[in-house]
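> What follows is the residue order along each chain.
There are 2 protein chains.
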Amino acid sequence: MKSWIRFRLAHGRIGFGVLENHRVTEYEGDMFGDAVPSANVLSVDDVTLLNPCVPTKVVALWNNFRALSEKLGKVAPSHPLFLIKPSTSVIGPGEPIQRPQTYAGKIAYEGELAIVIGKRCRNVPVDEANDYIFGYTCINDVTAAELLNEDPNFAQWCRSKGFDTFSCIGPAIQRDFDWRNAHVVTRLDNVERQNYSLSDMIFSPAEQVSRISHDMTLLPGDVIAIGTSIGIGSIKDGSTVEVSIEGIGVLSNTLSSGA
Amino acid sequence: MKSWIRFRLAHGRIGFGVLENHRVTEYEGDMFGDAVPSANVLSVDDVTLLNPCVPTKVVALWNNFRALSEKLGKVAPSHPLFLIKPSTSVIGPGEPIQRPQTYAGKIAYEGELAIVIGKRCRNVPVDEANDYIFGYTCINDVTAAELLNEDPNFAQWCRSKGFDTFSCIGPAIQRDFDWRNAHVVTRLDNVERQNYSLSDMIFSPAEQVSRISHDMTLLPGDVIAIGTSIGIGSIKDGSTVEVSIEGIGVLSNTLSSGA
Numbered sequence: 001m002k003s004w005i006r007f008r009l010a011h012g013r014i015g016f017g018v019l020e021n022h023r024v025t026e027y028e029g030d031m032f033g034d035a036v037p038s039a040n041v042l043s044v045d046d047v048t049l050l051n052p053c054v055p056t057k058v059v060a061l062w063n064n065f066r067a068l069s070e071k072l073g074k075v076a077p078s079h080p081l082f083l084i085k086p087s088t089s090v091i092g093p094g095e096p097i098q099r100p101q102t103y104a105g106k107i108a109y110e111g112e113l114a115i116v117i118g119k120r121c122r123n124v125p126v127d128e129a130n131d132y133i134f135g136y137t138c139i140n141d142v143t144a145a146e147l148l149n150e151d152p153n154f155a156q157w158c159r160s161k162g163f164d165t166f167s168c169i170g171p172a173i174q175r176d177f178d179w180r181n182a183h184v185v186t187r188l189d190n191v192e193r194q195n196y197s198l199s200d201m202i203f204s205p206a207e208q209v210s211r212i213s214h215d216m217t218l219l220p221g222d223v224i225a226i227g228t229s230i231g232i233g234s235i236k237d238g239s240t241v242e243v244s245i246e247g248i249g250v251l252s253n254t255l256s257s258g259a
Numbered sequence: 001m002k003s004w005i006r007f008r009l010a011h012g013r014i015g016f017g018v019l020e021n022h023r024v025t026e027y028e029g030d031m032f033g034d035a036v037p038s039a040n041v042l043s044v045d046d047v048t049l050l051n052p053c054v055p056t057k058v059v060a061l062w063n064n065f066r067a068l069s070e071k072l073g074k075v076a077p078s079h080p081l082f083l084i085k086p087s088t089s090v091i092g093p094g095e096p097i098q099r100p101q102t103y104a105g106k107i108a109y110e111g112e113l114a115i116v117i118g119k120r121c122r123n124v125p126v127d128e129a130n131d132y133i134f135g136y137t138c139i140n141d142v143t144a145a146e147l148l149n150e151d152p153n154f155a156q157w158c159r160s161k162g163f164d165t166f167s168c169i170g171p172a173i174q175r176d177f178d179w180r181n182a183h184v185v186t187r188l189d190n191v192e193r194q195n196y197s198l199s200d201m202i203f204s205p206a207e208q209v210s211r212i213s214h215d216m217t218l219l220p221g222d223v224i225a226i227g228t229s230i231g232i233g234s235i236k237d238g239s240t241v242e243v244s245i246e247g248i249g250v251l252s253n254t255l256s257s258g259a
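If you read the sequences in order, they're chains A and B.
Here UniProt numbering is used: the first residue of the first sequence is 1, the next is one more, and so on.
Here UniProt numbering is used: the first residue of the second sequence is 1, the next is one more, and so on.
Check before you lean on any hint, since a few could be wrong.
Here are the computed lysine-lysine pairs in the DSBU-like style, where the Cα-Cα straight-line distance is at most 35 Å [to be verified]: (1) B:Lys2 x B:Lys119; (2) A:Lys71 x B:Lys74; (3) B:Lys71 x A:Lys74; (4) A:Lys119 x A:Lys236; (5) B:Lys74 x A:Lys106; (6) B:Lys74 x B:Lys2; (7) A:Lys106 x B:Lys236; (8) B:Lys236 x B:Lys106; (9) B:Lys74 x B:Lys106; (10) A:Lys71 x A:Lys106; (11) A:Lys74 x A:Lys119; (12) A:Lys74 x A:Lys236; (13) B:Lys236 x B:Lys119; (14) B:Lys71 x B:Lys106; (15) A:Lys106 x A:Lys74; (16) A:Lys71 x A:Lys236; (17) A:Lys119 x B:Lys236; (18) A:Lys119 x A:Lys2; (19) B:Lys119 x A:Lys74; (20) A:Lys119 x B:Lys119; (21) B:Lys2 x A:Lys74; (22) A:Lys236 x B:Lys119; (23) B:Lys74 x B:Lys236; (24) A:Lys119 x B:Lys2.
Worth flagging that the hints you see were computed from the coordinates, not collected in a lab.
Take the sequences, apply the hints, and build the full model.
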């Protein structure tokens, strides 16, 4: 399996490259542009994995899986329903999810597939949309669940999902990924809580990229969190959430009670 | 009046500096850091004004003025209610607002004061929050109004307000601005449609910056659109919206039927 990662070396320098069989080939240039392999080959044990891309925004979908939509008694949407999570919400594999200083309530995990955009993208037809997808990674779309409906007049999607560390992405970006035959598995402290087929999604990745590119310009490295299905639940302080998708990898993050 | 602008010269180079009495003193370095005046002094007639900052996100408040809140019959919120508009939605003074390719419905203007963040800002107490405000500018927070409630289960705030060109900001950033004694005036094709006192706001700028900095890290250049009051309405294709705030300036943008 060959996938793209970003990493930090022991002395602090940040790089990116291709991971294959525990060996990292560092690249130079732009991951989404003129990337060329360098002579630098490392063991994956000598680097710390970072979020594999640096999005300017995370577009997070709601109600994009039939099983969850039916369970909630909602009709399937006619257009992707989304909120925007800020760049400051993004962390990588192994980094702690931090409980907000002012929030003592329930924090929920949502294991999801994430699309990584590879090229600037505006008003793209659906049959060209796959050309704008660089690859796929895992995301844990974290939510401060009790804030969502705190105000009776305004659902606080951006606030409840926008906190620093609430978009965990990684561990790597897989370019050749067949989502139709893959499952998302989420484990909370090693107990399986979600296991759903990506084939159940309402808007396919190409449909999402096309539709959302008619709503806003998507930039290289931007992430679409394609929505979750049944089995979401809350994370206790100190608990670890693993989102795994065969063909991509395992994304693991622990909720810190923080400072 | 002395204020900060970004501009483009005739040959395409982009700069920033201080505008005073039609004279622009170009600065070097970082507007929010080590900015130092250069020897380059220009006439404002020789530059094209751009959006005065380049936000990574626009945090846009809903229900932050008592008059509008009462008119809508809503209770005042206990925390700022906001959505996030992407960086790609931002344009400057004089740039056309573009009708989305796939949307033929009503497009609404909202004249507002905007806060420009000057320093990275997280968990800031209210009595220190003014130190993180670089200054103030005008914003027209544009909305594709008919999309907002298109889906019965999910208010599409980010979609209806997140289109490219839907955050018009400028013309300049005023550092010394007394919001307590200022009005926001919005004119549609030279007819006054909004004229409201900023003293009617529910959460003050310092309260907004403090509260929102507990929800996410704010970065230099980020913008908070502090919410609008009564008098919002729709813009016909070809119509011009002017948002003016005494002590800051006049922001003018025309709705183009686009391509």
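> Hint by hint, say whether it matches the structure.
Status of each hint after checking the structure:
The straight-line distance between the Cα atoms of Lys2 (chain B) and Lys119 (chain B) is roughly 21 Å, inside the 35 Å bound, and the hint therefore holds. At roughly 31 Å between alpha-carbon atoms, Lys71 (chain A) and Lys74 (chain B) fall within 35 Å of each other, so this suggested pair holds. Distance hint between Lys71 (chain B) and Lys74 (chain A) is fulfilled; the C-alpha atoms sit about 31 Å from each other, no more than 35 Å. Distance check on the hinted pair: Lys119 (chain A) and Lys236 (chain A) sit about 38 Å apart at the alpha-carbon level, beyond 35 Å; violated.
For the given pair, Lys74 (chain B) sits about 27 Å from Lys106 (chain A) by alpha-carbon distance, which is consistent with the 35 Å threshold. With a C-alpha separation of about 39 Å, the suggested pairing of Lys74 (chain B) with Lys2 (chain B) is violated against the 35 Å cut-off. Distance check on the hinted pair: Lys106 (chain A) and Lys236 (chain B) sit about 45 Å apart at the alpha-carbon level, beyond 35 Å; violated. At most 35 Å may separate the alpha-carbon atoms for a hinted pair to count; Lys236 (chain B) and Lys106 (chain B) meet this at roughly 8 Å.
For the given pair, Lys74 (chain B) sits about 23 Å from Lys106 (chain B) by alpha-carbon distance, which is consistent with the 35 Å threshold. Proposed proximity of Lys71 (chain A) and Lys106 (chain A) is supported: the alpha carbons are some 21 Å apart, at most 35 Å. At most 35 Å may separate the alpha-carbon atoms for a hinted pair to count; Lys74 (chain A) and Lys119 (chain A) meet this at roughly 34 Å. The hinted pair formed by Lys74 (chain A) and Lys236 (chain A) meets the criterion: a straight-line CA distance of about 29 Å does not exceed 35 Å.
Only pairs whose Cα atoms come within 35 Å are accepted, and Lys236 (chain B) paired with Lys119 (chain B) is rejected, the gap being roughly 38 Å. Of the supplied pair hints, the one linking Lys71 (chain B) and Lys106 (chain B) holds, its CA atoms being roughly 21 Å apart against a limit of 35 Å. The suggested pairing of Lys106 (chain A) with Lys74 (chain A) holds, with an alpha-carbon distance near 23 Å, which does not exceed 35 Å. Between the alpha carbons of Lys71 (chain A) and Lys236 (chain A) the distance comes to roughly 24 Å, so the proposed pair stays at or under 35 Å and holds.
Straight-line distance between C-alpha atoms of Lys119 (chain A) and Lys236 (chain B) comes to about 33 Å, which keeps the hinted pair within the 35 Å bound. The hinted pair formed by Lys119 (chain A) and Lys2 (chain A) meets the criterion: a straight-line CA distance of about 21 Å does not exceed 35 Å. Distance check on the hinted pair: Lys119 (chain B) and Lys74 (chain A) sit about 43 Å apart at the alpha-carbon level, beyond 35 Å; violated. Between Lys119 (chain A) and Lys119 (chain B), the direct Cα distance comes to roughly 30 Å. Compliance with the 35 Å bound is thereby established for this hinted pair.
Pair hint Lys2 (chain B) plus Lys74 (chain A) does not hold up; C-alpha atoms about 54 Å apart against a cutoff of 35 Å. For the suggested pair Lys236 (chain A) and Lys119 (chain B), the alpha carbons sit about 33 Å apart, so the restraint of at most 35 Å is met. Between Lys74 (chain B) and Lys236 (chain B) the CA atoms are separated by roughly 29 Å; this keeps the pair inside 35 Å, and the hint holds. The suggested pairing of Lys119 (chain A) with Lys2 (chain B) is violated, with an alpha-carbon distance near 40 Å, which exceeds 35 Å.
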